[in-house]
Structures are given as C-alpha cells and as structure tokens.
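J.: Listed below, chain by chain, are the residues.
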Amino acid sequence: DTGVSQDPRHKITKRGQNVTFRCDPISEHNRLYWYRQTLGQGPEFLTYFQNEAQLEKSRLLSDRFSAERPKGSFSTLEIQRTEQGDSAMYLCASSSVNEQFFGPGTRLTVL
Amino acid sequence: AQKVTQAQTEISVVEKEDVTLDCVYETRDTTYYLFWYKQPPSGELVFLIRRNSFDEQNEISGRYSWNFQKSTSSFNFTITASQVVDSAVYFCALSNRDSGSARQLTFGSGTQLTVLP
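Note that the protein sequences, when read in sequence, are chains A and B.
Note that this note's numbering has the first sequence beginning at 140, numbered continuously upward.
Note that this note's numbering has the second sequence beginning at 934, numbered continuously upward.
No lab work stands behind these hints: they were computed from the structure.
Note that this is a predicted model, so its numbers are computed, not measured.
The reader is advised that the hints may include incorrect statements.
[What the hints assert, rightly or not] Derived DEER-like restraints, expressed as beta-carbon distance ranges:
#1 A/248 - B/980: 21 to 29 angstroms
#2 B/942 - A/147: 44 to 52 angstroms
#3 B/1013 - A/210: 23 to 31 angstroms
#4 A/149 - B/979: 42 to 50 angstroms
#5 B/980 - A/223: 44 to 52 angstroms
#6 A/165 - B/949: 34 to 42 angstroms
#7 B/934 - A/141: 49 to 57 angstroms
#8 A/157 - B/979: 43 to 51 angstroms
#9 B/936 - A/237: 15 to 23 angstroms
#10 B/942 - A/238: 24 to 32 angstroms
#11 B/945 - A/222: 30 to 38 angstroms
C-beta: ideal position from N, C-alpha, C; glycine also.
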C-alpha cells in the first residue's frame, strides 16, 4: 500500500494526558498537511510542512499543539494536556504539487 | 478570507436518479483551485477532481460531471444515474495558489448524499 498512513487509528485518553499521532505520507510527496475534523463538519487546516520546514500554522493550533517533520518524511502531531474539546478526527494529507491525498485519520476521544 | 458554502446538508435520492450538489465559494484571490472530495462511511477522504480558476471548461468523468461558473462563484457537482455506492459525504474545497501550486484547503461543511435502492 503506497497511500498515506496514520497511526494509531483510534486513541482514547483522559483529560490532561498527552497524546502523539504519526503520519507517513506518500514517499515522493514533499508537502504534508494536518487537518482536524469534528462531527458534521469539513476538515479544518492545522499546519503545513514543505519537506522538514513548518511553513504555516492555523490559529486553531494552540500552544498545546506541536507538530514536527524531522527528516522531511513522517510527521508527528502532539497534543499536550488534552481537553474534551480536542476530541475529533485528525487527518493527515500529502501532496507533491496540487492534489492532496488523505490518510484514514486518527480518531481522538478525550474523556 | 476564504469561504466555501455547501447549503445542502443532506440529499436523498432513489437509485438511477440524477443529483446535483451545490458549492459556492468566496475568495479575494484571482487565481485559485477548487476541489471535490468524497468521504464514504469508512471515513477516508477520496480526491475526485481539481479545477484551476482560469479554466472554466466543464468536465465529465463517467457518471460524474462538474460545472464551474466563475461569474457566480459556483462549482457544482452532478452525479448521473446515481448508485447506492455513491452514498457518502461530499466536500467542496478551495485553495489559493502559491508559486503555481495549491496550498492548504478550505472545506465546506459537506453534503450527505444517500442513494436509496
């Protein structure tokens, strides 16, 4: 399978705990995006990498959120001190030029 | 700021009917890209089409067709002879262009299409 993969697919955590998600993009894609999708809504942009450089961050990305793409390949998204409002599907997408291809997402539930 | 509006929250049709999903967008950019994605019950977003703002030609791909009208800021999607497998949430999205390439997507809130047998 050469598509975008995300791990884990589901995560249940207690409020206040830290969580980390991983995204492996399509291998030849240099651009990587993180989005968040809540029930009944479209995905909302969080942040964007070109190779290892984080070029843009949304205002949605509070100080508790951090993303990295250390070698320009896989990326991690960490949420510190999770809150119930962080419960959502976290989507990763990659692209080489224009079309973004999405992974299956990580569904986070904060109790 | 960019905005995408999909006014139809839910649409239900009977198999073999044609159905059109509406999309209206707002942007200050003179060049941009428009997209449609499908999200089936499995949850993974599937890319369907990309359209450049300077190309207003309509496009047909099998049972799918897209009508882009810059004058009304609309990019509508029609499924001809719908099938049960078309049941999904469909998202319209907009991206500005940076150095000729698309950037992050602004999505609409989606239209839930249900095709009944």
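J.: If a hint holds in the structure, say so; if it doesn't, say that too.
T.: These are the hints, each one checked on the structure:
1. One distance hint, 21 to 29 angstroms for the beta-carbon pair residue 248 of chain A and residue 980 of chain B, holds here, with the actual separation near 27 angstroms.
2. For the hinted restraint 44 to 52 angstroms between residue 942 of chain B and residue 147 of chain A, the CB-CB distance of approximately 31 angstroms leaves it violated.
3. Hint check: residue 1013 of chain B to residue 210 of chain A, Cβ distance near 46 angstroms, so the stated range 23 to 31 angstroms is violated.
4. The supplied range of 42 to 50 angstroms is broken by residue 149 of chain A and residue 979 of chain B, whose beta-carbon atoms lie about 21 angstroms from each other.
5. A beta carbon spacing of about 32 angstroms between residue 980 of chain B and residue 223 of chain A contradicts the range 44 to 52 angstroms that was offered as a hint.
6. At roughly 36 angstroms, the beta carbons of residue 165 of chain A and residue 949 of chain B sit within the given window of 34 to 42 angstroms.
7. For residue 934 of chain B and residue 141 of chain A, the hinted distance range of 49 to 57 angstroms is not satisfied, since their beta carbons lie about 35 angstroms from each other.
8. Take residue 157 of chain A and residue 979 of chain B: their Cβ atoms lie about 32 angstroms apart, and the range 43 to 51 angstroms is violated.
9. With their beta carbons about 21 angstroms apart, residue 936 of chain B and residue 237 of chain A fall inside the hinted range of 15 to 23 angstroms.
10. Our hint of 24 to 32 angstroms for residue 942 of chain B and residue 238 of chain A holds, since their Cβ atoms are close to 26 angstroms apart.
11. In this structure, residue 945 of chain B and residue 222 of chain A meet the distance hint of 30 to 38 angstroms, their C-beta atoms being roughly 36 angstroms apart.
The earlier numbered hints that this structure contradicts are 2, 3, 4, 5, 7 and 8.
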